[in-house]
Amino acid sequence: RSLFCKHTHTHTQKHTLMSQSIGKALRAAAHVRSSKLPEELIKFSTAHLSSAPSGGMHSLPDLPYDYDALEPVISAETMTLHHSKHHNTYVVNLNAALEKLDAAVSAGDISGIIALKGALNFNGGGHVNHTLFWENLVSKDNAADAAINEKDGGALGVAIVDSFGSIDNMKAELLPATIAVQGSGWGWLGYNPKTGKIETKTCPNQDPLAATTGLVPLMGIDVWEHAYYVDYRNVRPNYVNAIWDIINWKVVEERLVQAQK
Amino acid sequence: MAFELPNLPYAHDALEPHIDARTMEIHHGKHHAGYTSKLNAAIEGTSMEGQSIEDICKNVGDNAAVRNNGGGYYNHCLFWEVMSPNGGGTPSGDLGDAINATFGSFDGFKDAFAKAAATRFGSGWAWLCVKDGGLEVCSTANQDNPLMSGVGCEGHPIL
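Those protein sequences? They're chains A and B, same order as listed.
84 is the number of the first residue of the first sequence in the working numbering; add one for each residue after it.
150 is the number of the first residue of the second sequence in the working numbering; add one for each residue after it.
Any given hint might turn out to be false.
[Said to hold, decoys possible] Capping the alpha-carbon separation at 27 Å, the derived lysine-lysine pairs in DSS-like fashion look like this:
#1 Lys264(B) / Lys254(A)
#2 Lys168(A) / Lys259(B)
#3 Lys344(A) / Lys284(A)
#4 Lys264(B) / Lys183(A)
No lab work stands behind these hints: they were computed from the structure.
Isolated chain A (complex conformation) (with noise of 0.2 Å):
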């Protein structure tokens, strides 16, 4: 099976294949407005688009592999339902959200802007989270080569043990931490930019890391029944230690090294 198998998936937003297709350098000219795209393109993609500042529609990302690649640690099933619904909903939402942002900021009423910000605040977590959560999981079958080892000098590496000793004293802390976690939400791995460390934190239910925290994203688990309970049922525990096995360290080591940057 092709490591870059990708899974498709329908779309419940009317425009969002369109959109998909637009591309990215589109919908930043959509932003642009300016004489130097034809009249009926700008009408066309801002169409789609909305066109205020707080971004165009946003659209699910396709899986970086296929939903039965994570068994036996994530099941088809799961991941099923929580890419193609939990995710998908949460960018309809998020969607419905800036449309709303986009008539308050034109209208010019603040306490509008103001009201959405839990709806912004949770979609729009819901929607980074999981597009980080996606990444940073790997099949076990090609897990070994996502590996990383702290004696192998590479970025991530050297962070780990600066940071907290051991991979074993970074496991040590985040698992039961984000198993600890009550309610809904989400255990992470973070880049402080302003130590330079690596640091492990929770967040309740879609609260976004960086916009939460100040950390930068590293590696997410996601602790909502919803991603465990066809598997694991209440037993949260063997699911944290279980996805351990299939965490992308090659990704969360190209994340770091960005955040360094």
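Assemble the complex: chain A is given as a structure, and chain B must be docked to it using the hints.
Just chain B now, with coordinates in the frame of chain A:
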């Protein structure tokens, strides 16, 4: 005197097809049981030992273990009781009158309750409470409940 997991007032499969037996088994036998044992562990040897669960909830501070598990214990005790295999229909008598007075109609109450439930981000509960002689609908996060102060929802929960 430790808190005990109450028995369900009906068989595990009594609420089917609305809630299936396996869900009831796990929800009661694992989740509620977990809140019960962790609550007992959290209050052991403290002044809360021997208090009623209502008093524990009313006086809950920022002790996370007591808040989460005490709330979880109380909330689920109430939850099992307000459901019944013989339930449904519409309320009459004092409750029916109070609902009509507060929400205009039973449908009006259903809409308000559904909205409170649907707009709660993350985990939590929707409630119908008696407050100041009237009724109020609200929601709380995680295992908070209206007996606790500062949760944006006050009164005595009845649903």
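Hint check results:
With a CA separation close to 40 Å, the supplied pair lysine 264(B) and lysine 254(A) exceeds the 27 Å bound. Taking the CA atoms of lysine 168(A) and lysine 259(B), the gap is about 26 Å. The hint holds against a cut of 27 Å. Restraint check for lysine 344(A) and lysine 284(A): satisfied, since their Cα atoms lie roughly 22 Å apart, inside the 27 Å limit. As the CA atoms of lysine 264(B) and lysine 183(A) are separated by approximately 19 Å, the hinted pair is consistent with the 27 Å bound.
Checked against the numbered hints above, the structure violates only hint 1.
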